[in-house]
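Protein chains: 2
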Amino acid sequence: MTAALLDRLGPEVVLTGQAAEGFVRDERGLFDGVPAAVVLPRCTEEVALAVRTCAENRIPVVPQGGGTGLVGGAVPVGRGEQVLLNLRRMNRIRAVYAEDFALVAEAGCVLAEVRAAAERADRLFPLSLASEGSCQLGGNLATNAGGLNVVRYGNTRDLVLGLEVVLADGTVWNGLQRLRKDNTGYDVKQLFVGSEGTLGVITAASLRLFPLPRRTSTALLGLVDIKSLVPLLELARRCFDDRVSSLELLPAAGLDLLVRHVPGSRYPMGQRHPWYLLVEASSSTVRGDLDAVMDAFLTTALDSGHAADAVLAVDRADADRLWALRENLSEAQKRAGGTVKHDVSVPLSEVGEFVIAGTRLVHERLPGAQVIALGHVGDGNVHFNVLPSPGQSARDTHLWHRVNEFVHELVARFGGSISAEHGIGLLKREAHAEHADPVRLRLQAAVKQALDPLQIMNPGKVLSQDVTGGKTR
Amino acid sequence: MTAALLDRLGPEVVLTGQAAEGFVRDERGLFDGVPAAVVLPRCTEEVALAVRTCAENRIPVVPQGGGTGLVGGAVPVGRGEQVLLNLRRMNRIRAVYAEDFALVAEAGCVLAEVRAAAERADRLFPLSLASEGSCQLGGNLATNAGGLNVVRYGNTRDLVLGLEVVLADGTVWNGLQRLRKDNTGYDVKQLFVGSEGTLGVITAASLRLFPLPRRTSTALLGLVDIKSLVPLLELARRCFDDRVSSLELLPAAGLDLLVRHVPGSRYPMGQRHPWYLLVEASSSTVRGDLDAVMDAFLTTALDSGHAADAVLAVDRADADRLWALRENLSEAQKRAGGTVKHDVSVPLSEVGEFVIAGTRLVHERLPGAQVIALGHVGDGNVHFNVLPSPGQSARDTHLWHRVNEFVHELVARFGGSISAEHGIGLLKREAHAEHADPVRLRLQAAVKQALDPLQIMNPGKVLSQDVTGGKTR
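Protein sequence lines, in the order shown, are assigned to chains W and E. The first sequence begins at 1 in my numbering and counts up by one. The second sequence begins at 1001 in my numbering and counts up by one.
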């Protein structure tokens, strides 16, 4: 089935057999599909030729970025039935427009390189996540990645001014404009952002930049009660004039794992508090009032009783130490044997209630299990993870499904989302079909049908083919 | 053709004959369609029943808000062929969620009332435009309205957390969530924002709120050269840490009209400068450094030579006087006999060059005509208006088309948009078909076909029916 691809693109671009091995990368090791071939295009035209060839031959195409996704959105399904389209060779920063606060980069650029290119022009590209050293822009766009700075700068969707996309029939759409306002009809680029490669292949993007922060101020607050979150979130937004760039929740249960499993870790305050809130604000001016504002914020937080204790970072190294507490929580969970993970969101005001209700449920249904709830609380986004009791394993798919099910039901009761920032991919496809509003699901299927009528773009991801009307897998 | 509607919804809701007169409102007086009936639903269910009835009977539906649109998007086409669906009875603020920084309001709410409801909860709904006392939320959403605060808070699209929509077959989609993050498949609500009623009827929205500003600082700068804009825009963003809420360009030619035609107006500075930049920043804290930052900004602007003079508002009344210069520019143009209008955007760095090139073109092709270029330069959005020479009239459609044509061609050369914030409607439908990237146009047509296969939703707006495959009008 890959002869036509090889014929048109050559062995430099189309790898088969042994050469194609090792390209499938699934961060969580849950999926083990094998591609029919790996296509490594060097330019948009080669992507177009590959997709056109696949369309003509009805070969399913799986676009692939850095492979750091957590829901199996970029792994092939089946064995030898789908082609992996890896964008890593398309890794040019095409242009930096400092005065326009914009930058055009190709899909295969590693996120950290995009950030670095912006920084060299005295600008910030704010998207920042744990995997930024290896994830690629195309994947960030295709999954509408969130990360650490959403509270101030928005999700990836909000950072896109224009896209270049190869459509499902191989047509190239050059929509790489860098306008702040354009009301000429439906904003179709929004469909591709977050579509996980199921509507077309994003090959490049025009991105929104911001003034580069010149100073940051970082503090960690110890909370006695998770209900203090809501007033603290509001206080932070108001005090800092929306210059808070991160608001991260850390649970004592997570720090316990950290101290136990990650050498060199220690509790950040003399006393152990049930919850911690990491607050970082940034300013593009050197002068300005950032330190004074942080002082005022911490004083008010402590005086009001919402915070029991606080640590202010005195310099960047100190801030990095506070951030390490947050960043090493993943590793700590891994070393503790792994957790059953949920990437959910609820309305801001419900985060505390949701965590309390979820924890109660876990304790009822899984005696001995522990909740590690952390994440981007400034966006209502909680990574509600469950550490099974010593007798159980987080790799037990039966357990995984059981826990997912009651947590997702709880999320639905809170009017939340079962995928706040990771997407749907393969992992949550059934949960999505079950929990999504049926009208919204129908709209999604209509869009899929309109933009990819042959169903060759990453079939089976996001929407099951029962929903889209394709063959059932 | 309206019997079925009357039958199902009754004469309370469906007006025909004389009762239906006076509902067509076209701000610019360019269109004179007559509706077959006017439907005034009181709730979402009545909207759904009306649309379902229209779908069954193939009656075209034109959703209508406050009627302040500038491109004829909400006027019926033909005489007695289309039904006007006026949302004004659906004007409830359904809920204010202060802690979630969110609010749910119905489509018929007047924008100023939405802002007031937010303010009562100590929150800001930032959308602000000249017509806010009469335009309605549904229209703001359907046109992705821009306005005065986009540089800080984004377009209407960026302010939407969720939508309730009646689809083209009468199905109600309740997507009124208030989540900051939701990556469960394609973000279909984005399609309805800016669709000008051609894909469905927005009946309510969940909106994003912000901390209420407690202080503002307003200044007017006199510029010798429009090329100073780019460094000043950058300086403002950087100095104010992105707390600049408005950056508005005023031309001397506009102030000349103002002084001549609007009683009580006078030049804001001793000397007349070719260009003026209105800068407003706001802060949600009472303390903070806003005044100091404004001082530093003005000093740097003057020292660098980019500003020749500056006036700082000492209080709100003073700020209002500066704003009146900007706000009365529309009235001044009207009293001067009207201008041929363009609502265009270009990349931020190109605003100056675009205005220079456009002015040169106008002087070449229309001797005696004058350019009045004003608007939201912080977003690259210029209302590039042309005051014809005394012998010509801005109401001459031949002249209008001729000027539009060469200005839009220039916009295309600058990689700009021919409709930055007003939309397409009827007025720019042909220009859109001509200037839009054909692939983008094809994607828009595919979306229209997928979501409104019977082509009953506001047919002929945005996309001509040649493009969508409907009957040609």
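Rather than coming from a laboratory, the hints here were simulated on the basis of the structure. Ideal Cβ positions, reconstructed from N, Cα and C, are used throughout, including at glycine. Do not take every clue at face value.
To be verified - A few chain W residues that face chain E, going by a derived Cβ cut-off under 8 Å, partial list only: (1) S345; (2) P347; (3) S349.
(request) List in ascending order the numbers of the hints, as given earlier, that are violated by the structure. (result) none
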